[in-house]
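Peer 1: Chain by chain, the residues:
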Amino acid sequence: MIPLIHSPLSACLTLLAAWGLLGLAGLLRPRSLRLAGRTLFPLGALCGVALALVALLALFSPVEQRTLLLGLPDLPMHMRLDPLASVFLFLLGIVSAGISVFAAGYFRRGPGTPPGLLCLQYHLFLASMGLVLLADDAYTFMVAWEVMALSSYFLVTTQHALAEIRRAGFIYLLIAHLGATCVLLSFGVMQGGSWQFTFDAMRAAHLTAPWASAAFLLALAGFGAKAGLAPLHVWLPEAHPAAPSPVSALMSGVMLKTAVYGMLRVSFDLLGHPQWWWGLVPLALGLFTALFGAVFAAVQTDMKRLLAWSSIENLGIIFGALGLALVFRESGMLALASLALIALLYHSLNHACIKSLLFLGTGAVLHSTGERSLGRLGGLIHRMPWVAWLTLIGALALSGLPPLNGFISEWLLLQAFLFAHEVPRPFVNMLLPLGAALLALAAALAAYVMVKFFGVTFLGQPREAALARARDAGILERIGLVWLALACLALALLPTQIITALRPVLMELGGVAVSGTSPWWLLAPVPGRQVSYAPLVFLLVIVMTVLVTALAMRLFYHHRTRLARAWDCGFGALTARMQDTAEGFGQPIRHIFSSFFMMTRELPSPFDRSPHYRVVVHDRIWQTLYLPLTSVVQRATDSVAWLQRGRIAAYLLYSFVTLVVLLALML
Amino acid sequence: MTPMALITQLLQIVSALAAAPLFIGWVNQCRAWLGNRSAPSVWLPYRSLRKLFHKEAVIAEGASPLFRVTPYVVFGAMTLAAAIIPSMGTRLPLTLAADAIALVGLLATARVFQSLAAIDIGTAFGTLGARREMMVGFLAEPALLMVIFVASLISATTALPAIAESLATRSFGLYPSLAFTAVAFTMVLLAENARIPIDNPATHLELTMIHEAQLLEYSARHLALMEWAAALKLFNYACIGFALFVPWGVSTRAGGPAALFASIPLLALKLMVAGAALAVIETVSAKLRVFRAPEFLGFAFVFAVLGLLVHLLLGA
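Taken in order, these protein sequences are the chains called A and B. The first sequence begins at 249 in the numbering used here and counts up one residue at a time. The second sequence begins at 1054 in the numbering used here and counts up one residue at a time.
Rather than coming from a laboratory, the hints here were simulated on the basis of the structure. It cannot be assumed that every hint is accurate.
To be verified - Away from chain A, derived, C-beta distances all over 10 angstroms, residues of chain B: (1) R1223; (2) P1229; (3) A1235; (4) V1337; (5) K1340.
Claimed, not checked - Label pairs and their computed distance ranges (CB to CB): (6) A:V791 to B:A1339: 40 to 46 angstroms; (7) A:M792 to B:R1100: 27 to 33 angstroms; (8) B:K1108 to A:A411: 42 to 48 angstroms; (9) A:F819 to B:R1345: 24 to 30 angstroms; (10) B:S1338 to A:A411: 51 to 57 angstroms; (11) B:V1067 to A:L465: 57 to 63 angstroms; (12) B:S1338 to A:T429: 55 to 61 angstroms; (13) B:T1336 to A:L582: 50 to 56 angstroms; (14) A:A821 to B:W1301: 54 to 60 angstroms; (15) A:P672 to B:V1067: 46 to 52 angstroms.
The beta carbon of each residue, even a glycine, is placed where N, CA and C say it ideally should be.
Throw the hints in and build the complete structure from the sequences for me.
Peer 2: Right under this line is the structure:
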């Protein structure tokens, strides 16, 4: 082992191979929960921690390249470990460690894929994501990209006995391949006639402006499909809830970030000759997606689907930041491009930790109650305090509230938007600051969504009698949740250190280092401006005020407290059914943003003996884009279906005619 | 950190905590006068706080620890907010920790905790109030952020003391963008502080209340803290307004102790005028139906964005 690990790159590859081996080991006894759950998943978590450490080391090491003796003849696999890849490997390692520990306690006996096979798919998924980040040629990248898509497809369809899950898996696979095709075509354009598919060749290629733009747009379509950018987001709210919760966490937390990585790699590293308008496309698409995702998240009634829509929102914000960084770079404002890039990377790290934490929280709830629908939950903070309080950290962080981590990236991005009017392009510089308005709206909606999510699931009275039997998460699950919550807190309280650590990435992507002259507790990222934020002081002041107030209460007044029934304006007959439901909580949003939705409502008539109310909200995009598209495809296939007669004579005739035509051509 | 900065900081926190109930009392008195009623004493809010602090707290059986912690968190958040808004002086050490955007986030933190606590008991009114509060909040927050954006663009910083200083020391002139944002800010202030036309602080009419519905289950010291925090919130909003639109008289970095003490009566004067203006607005307008609230706040948002566009077009 020792000679293998003489450099960060070899260490990374060894760890990825270890993940693969752990997966294969699961096949030794595929039905054994003890082997897969209690042994292999914790070992996988250790690999994750090791990977994070190695990636951290690699962040400050020089770029390392290597050609492996694997792959097809004449097509060896090229590997490269640079700061950009290191950051995302770090993210993969940290987040997957928490998820793997959780998964060790999560998978139980039941229908669906046996644990050993699940272990193989899970670890292949992890290893392929790592390989995507390390790949240095288009072949390796595409192979890893496809393994990632396929292994996650099998993980999504774990409960393949259910028709809706098979459908979700199908849509996922379809759009994943649509995206992969676009990425492949983009690489095809980027090699620029050299027919060398290494990334080095692409960096050296000289593309004309239209071809470079085509490559950029193809990459945006391909990676945007993976990231859930509108209008290619339709798979995401189907596939993420369908998967088991640790897999949902991994897909939302990490897999979506590989798309961000891919887009960064293409637009900042591989593609030369940028056009000034490139940044505007991801900026507009991203901010629209952010608002769209937030609005839809607010009306969901299934807790995992709600989180999936919220992922769409956050990836929208990340792509918006990417667009802004591109706009700044093209205008020569490198310091500001760096600021937007920091916001982008920070938000990626934030979202990875927070969303994994929340998905794992829903997994614990799902396990102990068997319910995903928000309409049948409630009051779980009493039954599951560990899960509830840890999820609260995630919910507050995702709402973008200071002093938690979600706020920092939004703050950085808003600071970047404050300079957008200085972009030297007429009209564009007027429109860009409006992006900040959209961002603010999406961020404010995120808080609404999280209050709904946390309030309806964990607070109030239990809406079903069965919830009284809910039990808190097991010890392994708790460790996983605590790990991710600690990661969130570290991101929240140490922004200066993290931003300093991101400096090599900025240098690599052609930015400039953001000045680090401020004291360690103060985040002051904009050089020359009096702008600062200190989360530690912020937290300390609030905590101190709370303590002083509580102490003063104790000292100066009595501390008598009595428990009684809820007052509720003197209304006596309070039942759990009178609480606001998830539908009720979504009602203002349905009202305000009604043009976003296709709503079908069943309202009871006043004379109904057994009245029922139902409201279903659909995505307009299905009606306006996908259904027409499928009907066109259907008609096209119908029009050639007459060829398929099902008679052997007809097929023989086709073969004969083909032969004759070919012969005629040849002669 | 100079002693002068420390004094300014402490003076500002203490005076905000002490004066916030008085401000509420003043607004209530003005409202009573305008409504041709005999006015309650301006000291009434203090008396009710004292009464509440001495009572025994009654807590609903289904309450979680979150419910008990929330009054302290909300109160703490409002105190920090009072510390970072330059109402008397701009030499505030704590403003390094939080700029204007963080201030908006801080107010949102208080709002989210309050809504979660309202959901916690599981009553119909509490959840209804929480939902409405969040609806008002998510519309008001971007509008407020846009208002602050415009001020930040004018003064090239998001640090509140620097904004106040640069606006206070600029040459006097009409800033059309600030006029737009002032309208937007006033609308946000009304909505966020549960004033007419969005909410009525004087009633407990179940079907229309927003803020009060969330406090229904609180009693005694918890209720006192929530009421005090609400008073502080109104006080803070007024001071944000002063810092952005009428920053004159704030003691700046250059000013000594004399300037700091001169700023106190000036602040009192501004508060009296603002309180009277608030009472006038509340008296002449009628409460809107809850579903007209989005339109109202949509207007606020559009006004703020218009202010932004005007600033970018005219550079003023």
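Peer 1: All hints are to be evaluated individually against the structure, with a verdict given for each.
Peer 2: Taking the hints in turn, this is what the structure says about them:
Non-interface status of R1223 of chain B relative to chain A is upheld: no Cβ of that chain comes within 10 angstroms, the nearest being about 16 angstroms off. Every CB of chain A lies more than 10 angstroms from the CB of P1229 of chain B, the least distance being 16 angstroms, so the non-interface label holds. The beta carbon of A1235 of chain B is kept farther than 10 angstroms from every beta carbon of chain A, the shortest such distance being approximately 18 angstroms. The claim that V1337 of chain B lies off the interface holds: its Cβ sits roughly 27 angstroms from the closest Cβ of chain A, which is beyond the 10 angstroms cut-off.
Annotated as non-interface, K1340 of chain B keeps its C-beta farther than 10 angstroms from every C-beta of chain A; the closest such distance is 17 angstroms. Restraint check, V791 of chain A to A1339 of chain B: a C-beta distance of roughly 43 angstroms satisfies the suggested window 40 to 46 angstroms. One distance hint, 27 to 33 angstroms for the beta-carbon pair M792 of chain A and R1100 of chain B, holds here, with the actual separation near 28 angstroms. Checked against the hint of 42 to 48 angstroms, the pair K1108 of chain B and A411 of chain A fails, with Cβ atoms roughly 59 angstroms apart.
For the pair F819 of chain A and R1345 of chain B, the beta carbons lie near 27 angstroms from each other, so the given range of 24 to 30 angstroms is met. Between S1338 of chain B and A411 of chain A the C-beta distance comes to about 55 angstroms, which sits within the given range of 51 to 57 angstroms. Take V1067 of chain B and L465 of chain A: their Cβ atoms lie about 59 angstroms apart, and the range 57 to 63 angstroms holds. Evaluation of the 55 to 61 angstroms hint for S1338 of chain B and T429 of chain A yields a pass: the beta carbon distance comes to about 58 angstroms.
Taking the beta carbon of each, T1336 of chain B and L582 of chain A are about 55 angstroms apart, inside 50 to 56 angstroms as hinted. With their beta carbons about 58 angstroms apart, A821 of chain A and W1301 of chain B fall inside the hinted range of 54 to 60 angstroms. The beta-carbon spacing between P672 of chain A and V1067 of chain B, approximately 48 angstroms, falls within the hinted interval of 46 to 52 angstroms.
In terms of the numbered hints stated before, the structure departs from hint 8 and from no other.
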